[in-house]
Amino acid sequence: MALQSNIPEGPLAEKWEKHKNNIRLVNPANKRLIDIIVVGTGLAGASAAASFAEMGYNVKAFCFQDSPRRAHSIAAQGGINAAKNYQNDGDSVYRLFYDTIKGGDYRSREANVYRLAEVSANIIDQCVAQGVPFARDYGGLLDNRSFGGVLVSRTFYAKGQTGQQLLLGAYSALSRQISKGKVQMYNRHEMLDVVIVDGKCRGIIARNLVTGEVERHGAHAVVLGSGGYGNVFFLSTNAMGSNVSAAWKAHRKGAYFANPCYTQIHPTCIPVSGDYQSKLTLMSESLRNDGRIWVPKKKEDVEAIRNGSKRPVDLSEDERDYYLERRYPSFGNLVPRDVASRAAKERCDEGFGVNKTGEAVFLDFSSAIMRYGKTEANIQGVKNPSEDQVRQLGEDVVRAKYGNLFQMYEKITDDNPYKTPMKIYPAVHYTMGGLWVDYNLMTSVPGLYAAGEANFSDHGANRLGASALMQGLADGYFVIPYTIGEYLADDIRTGAISTDTPEFAQAEKEVKDKINAFINNNGDTPVDDFHRKLGRIMWDNCGMARNEQGLKNAISEIQKLREEFYQKVRVPGSAEELNPELEKALRVADFLELGELMCRDALERNESCGGHFREEYQTEEGEARRDDENYTYVAAWEFTGTPSEAQLHKEDLVFENVELKQRSYK
Amino acid sequence: MNLTLKIWRQSGPNDKGRMETYQVSDISPDMSFLEMIDVLNDQLVREGKDPVAFDHDCREGICGMCSMYINGEAHGPGRGVTTCQLHMRSFKDGETIYIEPWRAAAFPVIKDLVTDRSAFDRIIQAGGYVSVNTSGNTQDANALPIPKENADKAFDAATCIGCGACVATCKNSSAMLFTSAKVSQLALLPQGEAERERRVLRMVNQMDLEGFGNCTNTGACEVECPKGISLENIARMNREFLKASISSES
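Protein chains in written order, with our numbering: chain A, 1 to 666; chain B, 1 to 250.
Worth double-checking, as some hints may not be accurate.
[To be verified] The list that follows gives simulated cross-link-like pairs (lysine-lysine, DSBU-like), each with its CA atoms no further than 35 Å apart:
| hint | chain 1 | residue 1 | chain 2 | residue 2 |
| --- | --- | --- | --- | --- |
| 1 | A | Lys-180 | B | Lys-243 |
| 2 | A | Lys-568 | B | Lys-6 |
| 3 | B | Lys-92 | A | Lys-356 |
| 4 | B | Lys-49 | A | Lys-514 |
| 5 | B | Lys-16 | A | Lys-514 |
| 6 | B | Lys-148 | A | Lys-180 |
[What the hints assert, rightly or not] Output of the computed footprint for chain A on chain B, the stretches with three or more beta carbons under 8 Å from beta carbons of chain A:
| hint | region |
| --- | --- |
| 7 | 47-60 |
| 8 | 168-179 |
Derived by calculation from the structure, the hints in this document are not laboratory data. It should be emphasised that the depicted structure is a prediction, and the values quoted were computed from it without experimental measurement. All C-beta atoms in this analysis are idealised placements derived from N, C-alpha and C, irrespective of residue type, glycine included.
Just need the whole structure built from these sequences, with the hints factored in.
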């Protein structure tokens with residue numbers, strides 16, 4: 001099947017407006033006859049479900065958590081971008097578009113990204129109208145901060161809890177529709193398959209996680225807002241339950257998976273401290289507004305810090321290597337995530353890591369504390385303040401900006417980041433790849449849509465900070481509620497979708513067989529063992545740096561591990577109860593297939609771009625070297641049975657409005 | 001560290017439930033409390049026993065899913081933390097730790113340490129929102145300045161994670177702190193003004209229907225709240241409720 005991106009004709013800035021005007025509408029009386037299933041209640045899922053219901057469709061929404069309010073969007077910290085230009089620093093829709101295309105290393109679709117930038121301003125208006133308490137200045141107007149890879153301040157925020165506030169906004173809109181009966185909410189339910197009838201997606205199979213009952217749900221269209229797949233690495237900043245299963249089941253049923261190797265390794269996370277570790281914690285990118293990243297210049301200082309004979313504060317400015325400021329003078333500490341992560345890895349690989357494992361660098365707030373302290377002393381009219389006074393005042397300012405993050409850091413590490421620099425290291429955070437979708441966010445299966453992190457469409461090979469929240473809400477509030485009409489307009493006479501058909505029966509049987517196989521398996525090894533092993537293979541071979549041999553080895557190691565998993569895994573308990581081990585087994589089974597496809601995709605892409613860094617393809621200075629002539633395409637994979645033997649389909653990326661350049665932040 | 005764990009085991013809503021004793025050894029003080037439970041569960045699965053069911057997800061203190069009553073305190077010792085942010089360095093080698101689920105009639109136990117907190121969702125559904133549809137034409141976000149003090153207070157109330165520690169710790173199992181946090185957030189913002197009276201009446205009514213108790217001002221909820229939601233919000237909700245009860249026609 002050829003890939004139809006369905007990008008509208010016409011000038012870039014007019015495509016979306018024109019397209020919206022041409023989309024077929026479903027009249028309000030007919031909307032009442034149409035059912036939509038939404039899987040996942042994060043920013044994309046909750047906003048889409050609420051918006052569909054407001055428009056009049058009947059919605060069934062599913063989440064595996066005990067409440068839709070707990071989806072992992074809630075953990076997003078730093079902020080959300082929008083081209084409002086409130087700071088009068090020359091921002092515009094075009095600049096946000098351009099920054100996002102460039103930040104994505106020219107591997108995303110122009111038309112999708114432009115639309116994202118266009119609707120960004122509406123998102124802020126919508127959220128404020130819902131009562132989202134963004135940070136404000138003393139004049140009562142909205143405040144902004146700056147994020148990596150850009151030279152303007154366009155990020156709106158609510159302390160370090162922006163994701164929480166935006167998600168609770170979407171959750172409140174969803175709750176309103178639940179109370180009206182327009183959304184039927186299924187908490188503690190996990191989607192385990194999609195059902196295809198006559199080539200169209202017509203429903204899902206879901207398991208009630210409390211009773212274990214396997215249920216059939218029919219609908220005219222299914223929207224997956226089920227998030228990303230970072231947990232394939234076992235250790236990531238994702239929630240424990242975040243998983244690829246919904247997207248992977250869709251892939252197995254015909255939806256193409258695009259650019260799976262594009263993963264984002266976030267530069268500022270709390271380093272791994274032990275083998276028991278279950279997850280990694282992010283320290284928001286917003287901290288790079290005020291924090292300076294460094295390692296010691298001399299190896300003997302590194303040694304002294306590791307063995308505790310010197311403290312970081314004992315090193316003078318001359319003895320520190322602020323390596324981002326050194327290598328990238330124009331963007332400094334605010335280079336994009338992929339660049340910052342690789343630079344940290346480079347220093348640590350050279351032996352400059354500052355903790356026992358040698359995998360940590362410093363993020364230091366002392367200059368910012370003193371700078372803010374001086375300004376605050378002036379504001380408060382303190383004459384000739386002492387250094388301690390300045391520090392105190394500065395700490396208060398920093399506390400107001402990042403208090404919850406500093407507290408979180410202290411709780412985990414038992415170190416006070418006001419007094420000593422934070423130790424940080426890159427960790428898996430986000431996945432730019434995902435289900436292939438066209439301009440309408442429809443996958444290659446008619447009637448099956450993907451929104452938010454679950455799709456691949458807007459971030460290319462690297463996502464800029466504060467753009468995930470923007471994309472999730474753009475897709476859910478402002479894109480899919482319009483574009484789905486084009487498809488559903490044909491369904492007004494279809495009538496309710498019956499689940500009493502052979503297709504549903506077959507899908508249900510497959511799900512039950514899989515569950516029973518796990519329950520009856522005669523193994524002795526817990527699920528997490530396999531997940532950890534898979535994570536290690538992925539991190540070593542398909543993480544921050546990849547090479548041909550490593551990827552080939554990884555593919556065969558994953559295949560072996562998968563075989564071993566089915567032989568040796570032990571799932572205690574029964575299928576007819578709350579059984580967290582069974583839930584994990586079903587998810588890890590899918591990760592074990594996805595990992596293989598990711599390695600295949602990384603192997604196929606003989607270039608370095610964004611989060612995909614192939615060691616064979618770098619410049620003399622160690623920067624990523626793209627190959628625009630041969631790889632300016634989206635790799636969309638079709639499932640054929642064995643993940644690494646998937647069929648590759650290429651969607652060529654056409655750039656009519658920006659010139660492809662080497663991405664430079666120097 | 002070596003520890004003795006006394007954990008509430010209950011196979012389902014109809015089981016009476018009991019405390020059971022487990023031993024764990026070689027626990028690192030840098031582990032989080034939930035990672036310590038992971039170690040126990042790994043041990044149980046290898047022994048062919050049923051692991052302890054517990055709610056958890058983000059493991060960074062924001063989703064509100066984790067919910068353990070540890071040594072008689074919601075989220076255990078330490079202030080301003082959820083169970084997932086509690087680290088084993090807060091305990092002593094050789095200590096016996098008691099772990100129970102949230103206890104409240106409105107939060108029935110599903111299994112072991114997992115409870116059903118959907119009553120909180122229904123309180124929000126009763127009115128914890130601004131009735132605005134998705135529209136590309138809402139007014140500009142800066143058209144209506146909001147005094148910083150109000151915006152900050154609204155934000156502080158809005159940081160509630162809905163974990164239910166307030167209910168679990170209250171001797172009356174009252175949900176006043178939870179409900180008042182949402183009432184306050186929206187009462188402090190101009191966007192919430194239009195539905196102010198209806199909102200507080202409906203949410204309080206739903207709270208009562210769910211079987212949560214009344215507030216007797218002991219303040220335990222504020223102490224145990226991992227997000228430091230202030231009692232001030234309860235006072236504000238009481239004022240809102242009184243005003244609405246007197247003036248409202250509904």
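Against the structure, the hints:
| no. | hint | in the structure |
| --- | --- | --- |
| 1 | A:Lys-180 to B:Lys-243 | holds, 26 Å |
| 2 | A:Lys-568 to B:Lys-6 | holds, 30 Å |
| 3 | B:Lys-92 to A:Lys-356 | holds, 25 Å |
| 4 | B:Lys-49 to A:Lys-514 | holds, 22 Å |
| 5 | B:Lys-16 to A:Lys-514 | holds, 32 Å |
| 6 | B:Lys-148 to A:Lys-180 | holds, 34 Å |
| 7 | 47-60 | holds (count 11) |
| 8 | 168-179 | violated (count 0) |
Hint 8 from the list above is the single one not met by this structure.
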